[in-house]
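**Q** The primary structure of each chain is shown beneath.
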Amino acid sequence: MRVQALPTLGLGISTEYGARRSGGLDPLDLVAHHPGFARFLEVGVEADRGLDAEALRWVAEGRATTYHFLDVNLDEPEDLDGPWLERVRAHIAVLRPAWLCGDAGLWHFGPRERGHMLLLPPILTRASAHALAAGIRTLSDATGLEVLPENPPGQVFVGDMHLLAFFAEVADAADSGLLLDLAHLAIYQRMKGLAPNAGLADFPLDRVVEIHVAGSTLREHEGFAWVEDAHGVAVLPEVWDLLETIVPRAPNLKAVVFECERNPMPETLAGFTRLAAILEPRFGVHPQLPGAT
Amino acid sequence: MSALVLQRVVVRMLHDPVFRAAVYADPATALGGLPLTADEHRLLRVADARAWAVDVQRSERVLHALIGELPVSVLVLMEEGLTLARLARFFESAFFHDTIMTRGSLAPAFGDYLATLTTRVRTRSVVALEHAIARLRRVTLPAQRPAPGHLQRAAQVRPVALATGTLAAWHKAKQSLGEEPLAALFATSRPRFANVNARTSEWVLLELAPEAPTVPTAAFIGEALGRLLEAAEQPVARAVLEAAAEREGADPVEALEIVADLIVEGLLVEPATACSEGPFAQLRKA
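Top to bottom, those sequences are chains D and L. For what it's worth, our numbering labels the leading residue of the first sequence as 1, then goes sequentially. For what it's worth, our numbering labels the leading residue of the second sequence as 1001, then goes sequentially.
In isolation and in its complexed conformation, chain D is listed as follows (with noise of 0.2 Å):
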């Protein structure tokens, strides 16, 4: 089975382009202080704007890494087009990571141009899963590496399957692992009016491969109460429900990335704390308390 040859990273950290200057986590400086909570880096890559300064020092160390798309659109064949290959395939081999994934959504409208990107969920219909399905094959046989699909945030879903219906549909027609964001999963069962765990039942826990926790922010609009996917640090209660379920269950889950990028790093420590202790009996990992070097 080809996820046993995947490695298994434990818990990792993502990182954006640009994402340090912006005053967020500095990823080397949590691998110096909290080794136990930074085993591998998710580098967001938008193609053309390539890979920034953090990124490169943490691969010049020779650390971990997966690469964490945020520009394609898999279900638009056109999007797979070659020049942005040469360049997904030129970062591959800079960072050379264990796997890829990503939100399998809308990243852009039109061309990929300036104005146009955005992160949209898909139709969810079974239509609209297979044709992900096709460019998850594709970009998997362009790259040579698994290609893992991930549950986008939104909150207009248009479609009449369940969310996690809809992924179980992608994997199965792309015979491909899963990255299962615990935050937009949450997100989409808020508006839903459904329960956290809706649709897990019959989920195909086997081909979780990756999983994300993040913070979210509540708010409201006109009276209408929403949750945004904040990358913040304060993570929903039901998230971290979700994960004890899930994680014992999971019996290729290979890495669980907590996603704070934007964030300083004393505000992270608390939740990398807790993740780590859930974590623990699965992949071995020791929390550091905060301040332990």
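Hints listed in this document are in silico derivations from the structure and should not be mistaken for laboratory results. Remember, predicted model here, so these are calculated numbers, not experimental data. Glycine is no exception: its CB is placed at the ideal position from the N, C-alpha and C atoms.
Pairs of lysine to aspartate or glutamate residues, derived as DMTMM-like cross-links and limited to a Cα-Cα distance of at most 20 Å, are as follows:
no.: 1; chain 1: D; residue 1: 192; chain 2: D; residue 2: 202
no.: 2; chain 1: D; residue 1: 192; chain 2: L; residue 2: 1039
no.: 3; chain 1: D; residue 1: 192; chain 2: L; residue 2: 1048
no.: 4; chain 1: D; residue 1: 192; chain 2: D; residue 2: 222
A few chain L positions that, by computed beta-carbon distances, are all more than 10 Å from chain D:
no.: 5; residue: 1115
no.: 6; residue: 1119
no.: 7; residue: 1148
no.: 8; residue: 1164
no.: 9; residue: 1211
Add chain L to chain D, keeping to what the hints say.
**A** Chain L in isolation, oriented as in the chain D frame:
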């Protein structure tokens, strides 16, 4: 197919509250002509209508990017009293909606929209210049291979007719707007656009070099050459171009030489190689 159509309709609904309200009120009319079923119409209206508008800056971000690409056009339109609210009505326009449905680029569509906001020659001239630049930056391979014996203007060049003085005034205004044109446009004291001569015209040839695929050079050309290159935007029989050169004043022998020279200079090319697989094939990504 309909998932892609639905996704594009979603993008339109997110950016245009008028369209969104129309879809909720009467989807059959608002979505008429699209290959969507009644059930798909229903799917678009399941969410609480307020959920579509939680990101209150969504359209503003797009608008700022578009203004950044046609900043001098916006400057001149603002001198005519154009407001930001009027600019934002781009999202209600057919230019926006058609572009989304055809997976096109918004910047040229925004240029088309700006051109409808004025009748003044001076303003239209500036919009024409920035619109031409926006289109040039997005050149693509020709869609079809025309018959042998035909010629086409090279994809990396574009002639544009302007009111006399526009190019110089545009350069000056662009420089004054600086690296942060948005801030300059909405500052208390913004740059002024110089006067141009609306009664006469100047022809400019915009050209992209492979080493600078997002910044075209601009050079003055004669009207005759401008019209000849304009006539070759689509594949055209060589004899037709030679006849056009004659209409511009060349004798038959000169017309043959002019067309041959333009091929040698790379301004006219055989259509099959009008845009090679080299750097220009990637310009739209830049």
